[in-house]
Amino acid sequence: KEEIKESDGVIRHCSAASKGKDTFLILDYLKDDKIKKEVYTTFGFLKKDKPDEYIDNALRDFSEYIFIDVDHSEIMNKISSSLCTFVGNYPDTFTITSLESLSKGVPLIVKDKNGHPATEMVPLEFKKYIKLIKNKKDFLIALEELKNISFDERVELANATNNKMGKDNFKK
Numbered sequence: 018k019e020e021i022k023e024s025d026g027v028i029r030h031c032s033a034a035s036k037g038k039d040t041f042l043i044l045d046y047l048k049d050d051k052i053k054k055e056v057y058t059t060f061g062f063l064k065k066d067k068p069d070e071y072i073d074n075a076l077r078d079f080s081e082y083i084f085i086d087v088d089h090s091e092i093m094n095k096i097s098s099s100l101c102t103f104v105g106n107y108p109d110t111f112t113i114t115s116l117e118s119l120s121k122g123v124p125l126i127v128k129d130k131n132g133h134p135a136t137e138m139v140p141l142e143f144k145k146y147i148k149l150i151k152n153k154k155d156f157l158i159a160l161e162e163l164k165n166i167s168f169d170e171r172v173e174l175a176n177a178t179n180n181k182m183g184k185d186n187f188k189k
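Each residue of the sequence shown is one higher than the one before, counting from 18 in the working numbering.
No lab work stands behind these hints, which were simulated from the structure alone. Be careful, since some hints might not be right.
Each computed DSBU-like pair below joins lysine-lysine, with the alpha-carbon atoms no more than 30 Å apart [stated by the list, open to error]:
| id | residue 1 | residue 2 |
| --- | --- | --- |
| 1 | K181 | K51 |
| 2 | K184 | K51 |
| 3 | K153 | K95 |
| 4 | K181 | K48 |
| 5 | K48 | K184 |
| 6 | K153 | K48 |
| 7 | K184 | K153 |
| 8 | K184 | K53 |
| 9 | K36 | K153 |
| 10 | K181 | K95 |
| 11 | K145 | K184 |
| 12 | K145 | K95 |
| 13 | K181 | K145 |
| 14 | K181 | K164 |
| 15 | K95 | K36 |
| 16 | K53 | K154 |
| 17 | K144 | K51 |
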């Protein structure tokens, strides 16, 4: 079982650097907002000698919020205290971060095209902690809704996720 932590008020995103994964979208959405934000990323998967224009622009405009090649355990420690985790375009994103977040009681804001596997990771009554968005306006509304989640709600979300997605449910 995961240790459940109080929210530190930071919204976080974690993915390999890619426009297709919306790696830096929260930084753009929140560029004029004082809310704390962090993006954890890597360039190791790039099949070119240097980052592209999307990455270069993000590094130029938002470098103080971008953390590169951080150890997985440190990222998990940070995510566990997040206000929420932002998940970019599916299927361009691997949903492991969704499961890791939910299992720590951290709600999600998910950029939705046609549904997202994260909604299947929790029982119906906990889907309210997975906010599907299409644009910046939806994002800001979802963020406001998630700001007041209590510690007890985080514990309940983590327990519900672990009960549904725990390895015992997949042994047969």
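A quick look at each hint next to the structure:
1. A hinted pair counts as satisfied when its Cα atoms are at most 30 Å apart, and K181 with K51 does not qualify at roughly 36 Å.
2. For the proposed pair K184 and K51, the alpha carbon gap of about 39 Å is over 30 Å, so the pair is violated.
3. Taking the CA atoms of K153 and K95, the gap is about 24 Å. The hint holds against a cut of 30 Å.
4. Distance restraint check for K181 and K48: the Cα-Cα separation of roughly 36 Å exceeds the 30 Å cut-off, and the hinted pair is therefore not satisfied.
5. Under the criterion of a C-alpha separation no larger than 30 Å, the hint pairing K48 with K184 is inconsistent with the structure, at around 39 Å.
6. The hinted pair formed by K153 and K48 meets the criterion: a straight-line CA distance of about 12 Å does not exceed 30 Å.
7. Using a Cα cut-off of 30 Å, the hinted pair K184 and K153 is violated, with the two alpha carbons roughly 36 Å apart.
8. Using a Cα cut-off of 30 Å, the hinted pair K184 and K53 is violated, with the two alpha carbons roughly 34 Å apart.
9. Proposed proximity of K36 and K153 is supported: the alpha carbons are some 16 Å apart, at most 30 Å.
10. In summary, the hint linking K181 to K95 is supported, as the alpha carbons are separated by about 24 Å, within the 30 Å threshold.
11. At roughly 24 Å between alpha-carbon atoms, K145 and K184 fall within 30 Å of each other, so this suggested pair holds.
12. Pair hint K145 plus K95 holds up; C-alpha atoms about 23 Å apart against a cutoff of 30 Å.
13. Our distance criterion of 30 Å between C-alpha atoms is met by K181 and K145, whose separation comes to about 16 Å.
14. Taken as a hint, the K181 and K164 pair is honoured in the structure, with Cα atoms around 25 Å apart against an allowance of 30 Å.
15. A threshold of 30 Å between alpha carbons decides the hint, and for K95 with K36 the separation of about 23 Å falls inside it, so the pair holds.
16. Distance check on the hinted pair: K53 and K154 sit about 18 Å apart at the alpha-carbon level, within 30 Å; holds.
17. At roughly 27 Å between alpha-carbon atoms, K144 and K51 fall within 30 Å of each other, so this suggested pair holds.
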